[in-house]
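**Student:** Please model the complete structure; the sequences and the hints are all you need to start from.
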Amino acid sequence: MSAYSLVSSFLSYVFTTIIYLFIFSVIALIYMDIKRANRGEKTGYDFDELDTAEMLEDEPVEDEPETPKEKKHKPSAILRTVKSREAKECGMKAAYRIGEKGAIIGRGKDCDISIKDMYLSVEHFQIWHEDGLWYIGDMGSKNGTFLNEVRLKKVKTLYDGDEISFGGLQVIFEEEA
Amino acid sequence: MEKANFKLPAYLLIIMNALGFLLLFMANDYRANVLYVGLGLLGLFILIYSILVICNMGDKFLVLIASMLMTLGVLMLCRLDIIMGARQIVWICIGGMVFFVTYCIYYNIRFWNRMWFLYAAGGIILFVLTLVLGKTVNGSRNWISFGPLSFQPSEIIKIFYIMFLACHYSGSWTKPFLRLSPTLMTGAVTYVYILFLVLQRDWGTILVVFLIFIFMIYVYEEQKWFLFANIASAAVVAAFGYLFLYHIQVRVGVWLDPWADVSNKGYQIAQSLFAIAAGGYFGRGLGNGAPDYIPEVHTDFIFSAICEEMGVFGGAAVIILFFLLAYRCFKITLNTKNLYNKAVGLGITLMFALQTFIIIGGVTKFIPLTGITLPFVSYGGTSVVVSFASLGIMQAISALEARKGGTERDENE
Numbered sequence: 069m070s071a072y073s074l075v076s077s078f079l080s081y082v083f084t085t086i087i088y089l090f091i092f093s094v095i096a097l098i099y100m101d102i103k104r105a106n107r108g109e110k111t112g113y114d115f116d117e118l119d120t121a122e123m124l125e126d127e128p129v130e131d132e133p134e135t136p137k138e139k140k141h142k143p144s145a146i147l148r149t150v151k152s153r154e155a156k157e158c159g160m161k162a163a164y165r166i167g168e169k170g171a172i173i174g175r176g177k178d179c180d181i182s183i184k185d186m187y188l189s190v191e192h193f194q195i196w197h198e199d200g201l202w203y204i205g206d207m208g209s210k211n212g213t214f215l216n217e218v219r220l221k222k223v224k225t226l227y228d229g230d231e232i233s234f235g236g237l238q239v240i241f242e243e244e245a
Numbered sequence: 074m075e076k077a078n079f080k081l082p083a084y085l086l087i088i089m090n091a092l093g094f095l096l097l098f099m100a101n102d103y104r105a106n107v108l109y110v111g112l113g114l115l116g117l118f119i120l121i122y123s124i125l126v127i128c129n130m131g132d133k134f135l136v137l138i139a140s141m142l143m144t145l146g147v148l149m150l151c152r153l154d155i156i157m158g159a160r161q162i163v164w165i166c167i168g169g170m171v172f173f174v175t176y177c178i179y180y181n182i183r184f185w186n187r188m189w190f191l192y193a194a195g196g197i198i199l200f201v202l203t204l205v206l207g208k209t210v211n212g213s214r215n216w217i218s219f220g221p222l223s224f225q226p227s228e229i230i231k232i233f234y235i236m237f238l239a240c241h242y243s244g245s246w247t248k249p250f251l252r253l254s255p256t257l258m259t260g261a262v263t264y265v266y267i268l269f270l271v272l273q274r275d276w277g278t279i280l281v282v283f284l285i286f287i288f289m290i291y292v293y294e295e296q297k298w299f300l301f302a303n304i305a306s307a308a309v310v311a312a313f314g315y316l317f318l319y320h321i322q323v324r325v326g327v328w329l330d331p332w333a334d335v336s337n338k339g340y341q342i343a344q345s346l347f348a349i350a351a352g353g354y355f356g357r358g359l360g361n362g363a364p365d366y367i368p369e370v371h372t373d374f375i376f377s378a379i380c381e382e383m384g385v386f387g388g389a390a391v392i393i394l395f396f397l398l399a400y401r402c403f404k405i406t407l408n409t410k411n412l413y414n415k416a417v418g419l420g421i422t423l424m425f426a427l428q429t430f431i432i433i434g435g436v437t438k439f440i441p442l443t444g445i446t447l448p449f450v451s452y453g454g455t456s457v458v459v460s461f462a463s464l465g466i467m468q469a470i471s472a473l474e475a476r477k478g479g480t481e482r483d484e485n486e
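Chain order of the listed sequences is H and X. Just so we're aligned, residue 69 is where the first sequence starts under the working numbering, counting upward by one. Just so we're aligned, residue 74 is where the second sequence starts under the working numbering, counting upward by one.
For the record, the hints were derived by calculation from the structure and aren't laboratory data. Check each hint, because a few of them may be wrong.
Unchecked claim - List of simulated lysine to aspartate or glutamate pairs, DMTMM-like, C-alpha gap at most 20 Å: (1) Lys80(X) / Asp101(H); (2) Lys161(H) / Asp178(H); (3) Lys410(X) / Asp101(H); (4) Lys142(H) / Asp228(H); (5) Lys410(X) / Asp178(H); (6) Lys404(X) / Asp101(H); (7) Lys103(H) / Glu154(H).
**Tutor:** What follows is the structure in structure tokens.
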């Protein structure tokens with residue numbers, strides 16, 4: 069029985085190692101799962117819905133089909149996505165066009181620009197046009213909207229080249245002539 | 074992003090099983106039967122895991138973690154008594170089938186939330202059957218036997234009870250019954266269950282059922298008075314129990330000072346503590362220790378035996394595995410959008426977590442000891458089958474959630 073005892077005592081170290089390697093590998097898998105989920109790549113979300121927003125595949129920016137050609141000076145603006153891993157992970161397009169009516173940006177499917185990111189509120193912020201100026205207002209979002217790195221507390225005027233960040237994502241506001 | 078390696082834990086599980094059963098093969102005079110038993114168990118785990126991965130049935134970690142826990146349990150049981158270990162493996166086979174059956178039933182039926190009366194009635198019928206046909210084992214009258222087959226209805230009742238609570242707390246059941254609002258009705262049913270359990274003297278299950286109830290109220294109930302009223306009533310009942318029931322007095326007395334009557338009442342817990350201490354960090358090795366001194370070592374005290382022969386690290390690993398299991402269950406519960414599934418998921422998570430806490434706390438003398446099985450590890454047919462059934466429900470909930478989006482994006486397989 070002494071040979072057995074020896075083997076058994078030795079194997080107790082091996083068992084401990086195996087069990088902890090097992091635990092470690094499971095934790096590693098779970099960790100990767102969480103990382104994916106945090107970038108909005110979770111299985112529960114519906115990615116096909118993304119195309120409902122007015123969005124542009126890539127530069128150059130095309131005219132909207134709804135905009136009649138005769139009315140030349142209809143105001144419009146472009147939100148150009150700052151390239152980042154987060155933006156790619158949640159399927160943001162290179163740029164979004166905002167028409168005269170303005171746009172609501174958020175996670176909800178009914179938003180004009182719907183972005184599936186975990187850190188966005190259902191209706192996160194709003195951009196609209198009034199008397200030749202563009203305005204931005206937060207819609208009571210949980211994680212806040214930042215205009216040039218300052219948290220929005222009230223409605224602010226938007227100028228060409230302003231940087232808007234929300235939930236770890238950034239876009240540059242560009243006014244179209 | 075690095076690629077997830079879903080095969081690594083499975084390989085480790087295989088190595089663990091192979092080494093463990095080779096060791097048992099040595100211990101049992103090189104009888105080939107031991108190897109067949111081990112191969113059977115390993116084949117079963119691989120089969121369940123492959124079916125889950127190939128058919129894309131939701132969360133992949135639950136079964137993996139449960140398999141590791143069962144491996145530890147079975148190795149320990151085979152070492153204690155090879156016949157008992159073989160019987161446990163047969164139960165695990167049955168449990169595996171029950172797992173898939175439960176999965177299919179739960180996945181395909183969508184009206185679970187409308188049958189609260191069935192759950193309540195089912196539980197009460199099982200209780201009455203236990204009282205009439207019951208057999209007394211170790212002071213608790215909680216076994217029903219049909220010929221050679223015997224089972225513990227209280228294990229099944231826990232699942233019924235969770236599904237019953239979920240009906241109310243998911244908001245599917247709002248109509249009053251006999252002029253009692255659903256909130257009061259759930260309370261009434263809980264206390265009826267507890268009354269039956271008191272008659273059976275099954276203190277461990279009382280604790281699990283009541284704590285599940287308290288946690289569910291804490292999570293869901295908006296009227297705080299109901300929570301406080303229940304806690305107060307529990308305190309009153311516990312005080313009465315301590316004052317008038319000799320059994321509970323003994324348990325608490327032993328918890329406070331096991332050395333006062335170490336040769337008789339404190340014997341079990343003292344042996345358990347000796348065993349844990351004897352193990353040291355890495356344990357004495359499978360078969361080298363003497364866990365047979367602990368009464369009931371194969372069911373309630375299996376954790377002490379694991380601590381003795383696999384060390385404190387082995388025991389901590391069991392606790393970590395249960396942590397991971399509970400964590401995965403919580404995550405599935407949080408991600409679920411169906412309210413009924415959310416409530417059931419929470420209940421099952423609580424059941425696993427509380428049972429683990431109560432028995433591991435009990436055998437390490439952290440809280441007073443009450444006899445209850447450690448899910449997946451302890452010996453016991455009903456316990457294994459019911460744990461598998463709960464796991465099947467959890468699996469179905471995660472699969473329902475993952476598939477409903479229709480965009481299961483898993484590039485790892």
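**Student:** So, for every hint listed, does it hold in this structure?
**Tutor:** For each hint, the structure was consulted:
1. Taken as a hint, the Lys80(X) and Asp101(H) pair is honoured in the structure, with Cα atoms around 15 Å apart against an allowance of 20 Å.
2. The straight-line distance between the Cα atoms of Lys161(H) and Asp178(H) is roughly 17 Å, inside the 20 Å bound, and the hint therefore holds.
3. A threshold of 20 Å between alpha carbons decides the hint, and for Lys410(X) with Asp101(H) the separation of about 19 Å falls inside it, so the pair holds.
4. Distance check on the hinted pair: Lys142(H) and Asp228(H) sit about 16 Å apart at the alpha-carbon level, within 20 Å; holds.
5. Proposed proximity of Lys410(X) and Asp178(H) is supported: the alpha carbons are some 19 Å apart, at most 20 Å.
6. Between Lys404(X) and Asp101(H), the direct Cα distance comes to roughly 11 Å. Compliance with the 20 Å bound is thereby established for this hinted pair.
7. For the given pair, Lys103(H) sits about 11 Å from Glu154(H) by alpha-carbon distance, which is consistent with the 20 Å threshold.
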